[in-house]
Amino acid sequence: NIMNFPTITTAVLVAVTMVTTTQAACTNPLSNEELQELYANSDVVFRGYAVSGVSGLYWDRQGRTYRSTTTTYQKEAAYKSANDLESEVSVNFSGLIEGSYDCPWGTVTNNNGGDLVFASRQSSHLSVGSCDKVPWSCVPETFRSFLTED
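With mature numbering (1 follows the signal peptide of the UniProt record, and there is no 0) as the guide, the letters of the sequence shown map in order to residues -24 to -1, 1 to 126.
The set of hints was computed from the structure by calculation and includes no laboratory data. Fair warning: this is a prediction, and the values are worked out from it, not measured in the lab. Positions of the beta carbon are idealized from the N, C-alpha and C atoms, including for glycine. Be careful, since some hints might not be right.
[Unchecked claim] In silico EDC-like pairs for lysine to aspartate or glutamate, Cα to Cα no more than 20 Å straight-line: (1) Lys51 with Asp36; (2) Lys56 with Glu117; (3) Lys56 with Glu125; (4) Lys109 with Glu13; (5) Lys109 with Glu64; (6) Lys51 with Asp108; (7) Lys56 with Asp108; (8) Lys109 with Glu9; (9) Lys51 with Glu64; (10) Lys56 with Asp19; (11) Lys51 with Glu62; (12) Lys56 with Glu9; (13) Lys109 with Asp36; (14) Lys109 with Glu62; (15) Lys56 with Glu10; (16) Lys51 with Glu9; (17) Lys56 with Asp36; (18) Lys56 with Glu13; (19) Lys109 with Asp19; (20) Lys51 with Glu125.
[Unchecked claim] Label pairs and their computed distance ranges (CB to CB): (21) Gly105 with Val27: 33 to 41 Å; (22) Val27 with Leu123: 20 to 28 Å; (23) Ser57 with Ala26: 14 to 22 Å; (24) Phe122 with Tyr34: 36 to 44 Å.
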């Protein structure tokens, strides 16, 4: 029925508008102390937006399940030893799956600021822990002012 088409189109446009205007929310921002510890223990720190990724599962002889993930970020800012990185940066995570990977900040919706990535340099790549990609909305303003670009 052609009469219903404009109504459906309008409903879709309203839904898209609502999603794009929703503010980012963090249920449990990290403390400055937690972030300073992550910073001190990292070789590289940058902020970026995830643009692609691939993930897989594998098992060892004992039947334990592991997850391996590679995420590519569009680098927006370089804070610690990251100015030599390309504009697109890939980071790897590999670890044993024991329950879930619940991170301390909880659920984040509509993370408009990207992630603050705390990575370690491995011979030819960067690696991260399961909770070393902190949503920018979970980084308090006091820690943001601590960060200086390379």
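Each hint, compared with the structure:
no. : hint                          : in the structure
1   : Lys51 with Asp36              : violated (34 Å)
2   : Lys56 with Glu117             : holds (18 Å)
3   : Lys56 with Glu125             : holds (7 Å)
4   : Lys109 with Glu13             : holds (14 Å)
5   : Lys109 with Glu64             : holds (16 Å)
6   : Lys51 with Asp108             : holds (16 Å)
7   : Lys56 with Asp108             : holds (14 Å)
8   : Lys109 with Glu9              : holds (16 Å)
9   : Lys51 with Glu64              : holds (6 Å)
10  : Lys56 with Asp19              : holds (7 Å)
11  : Lys51 with Glu62              : holds (8 Å)
12  : Lys56 with Glu9               : holds (17 Å)
13  : Lys109 with Asp36             : violated (26 Å)
14  : Lys109 with Glu62             : holds (18 Å)
15  : Lys56 with Glu10              : holds (17 Å)
16  : Lys51 with Glu9               : violated (24 Å)
17  : Lys56 with Asp36              : violated (35 Å)
18  : Lys56 with Glu13              : holds (14 Å)
19  : Lys109 with Asp19             : holds (14 Å)
20  : Lys51 with Glu125             : holds (12 Å)
21  : Gly105 with Val27: 33 to 41 Å : violated (21 Å)
22  : Val27 with Leu123: 20 to 28 Å : holds (22 Å)
23  : Ser57 with Ala26: 14 to 22 Å  : holds (21 Å)
24  : Phe122 with Tyr34: 36 to 44 Å : holds (38 Å)
Checked against the numbered hints above, the structure breaks hints 1, 13, 16, 17 and 21 and satisfies the rest.
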